[in-house]
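Visitor: Residue numbers (numbering that gives the first Met the number 0): 0 to 113.
Mixed in with the good hints, there may be bad ones.
Claimed, not checked - Capping the alpha-carbon separation at 27 Å, the derived lysine-lysine pairs in DSS-like fashion look like this:
| hint | residue 1 | residue 2 |
| --- | --- | --- |
| 1 | K20 | K8 |
| 2 | K9 | K20 |
| 3 | K110 | K8 |
| 4 | K20 | K110 |
| 5 | K110 | K9 |
Claimed, not checked - Cβ-Cβ distance ranges computed for the label pairs, FRET-style:
| hint | residue 1 | residue 2 | range |
| --- | --- | --- | --- |
| 6 | D98 | T14 | 18 to 26 Å |
| 7 | E1 | I85 | 28 to 36 Å |
| 8 | S45 | K9 | 39 to 47 Å |
| 9 | V34 | E1 | 18 to 26 Å |
| 10 | E107 | L79 | 23 to 31 Å |
| 11 | N108 | M41 | 26 to 34 Å |
| 12 | K110 | I86 | 36 to 44 Å |
| 13 | F13 | N108 | 17 to 25 Å |
| 14 | D104 | S53 | 13 to 21 Å |
No lab work stands behind these hints, which were simulated from the structure alone.
Glycine residues also receive a C-beta, built at the ideal position from the N, C-alpha and C atoms.
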Amino acid sequence: MEYYIGAWKKYADFTGRARRKEFWMFFLFNLIVSVGMNLVDMALGSMLVGTLYSLAVFLPSLAIGARRLHDTGRSGWWQLIALIPIIGIIVLIVFYCQDSQDENDYGENPKAFA
């Protein structure tokens, strides 16, 4: 849960690096909260709660994705590859799963501090 809250604290911080664990834990908690919000929407018969949550989490998702790509030595702009149907998302998932590089243009390896 601390990774999910940490991503919200860095709401629009596109600088620095994010470890794999930080990214995937945010992804997991975001998925759980999204499913919960959609269940609330289904119970209310509306789409308001899920839509508002999706809009609120959009920027932190982009920011943590960019920091994760920075950790692999890539620019955050690589997230745009997801616009290519099917192949783009697969490539992006592979990038997200790769291990951290040592020191690169985006800072020191966060594993060194853990």
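Visitor: With reference to the structure, classify each hint as holding or not holding.
Guide: Checked hints:
no., hint, verdict
1, K20 <-> K8, "holds (17 Å)"
2, K9 <-> K20, "holds (16 Å)"
3, K110 <-> K8, "holds (20 Å)"
4, K20 <-> K110, "holds (11 Å)"
5, K110 <-> K9, "holds (19 Å)"
6, D98 <-> T14: 18 to 26 Å, "holds (21 Å)"
7, E1 <-> I85: 28 to 36 Å, "holds (34 Å)"
8, S45 <-> K9: 39 to 47 Å, "violated (31 Å)"
9, V34 <-> E1: 18 to 26 Å, "holds (21 Å)"
10, E107 <-> L79: 23 to 31 Å, "holds (26 Å)"
11, N108 <-> M41: 26 to 34 Å, "violated (43 Å)"
12, K110 <-> I86: 36 to 44 Å, "violated (30 Å)"
13, F13 <-> N108: 17 to 25 Å, "holds (19 Å)"
14, D104 <-> S53: 13 to 21 Å, "violated (32 Å)"
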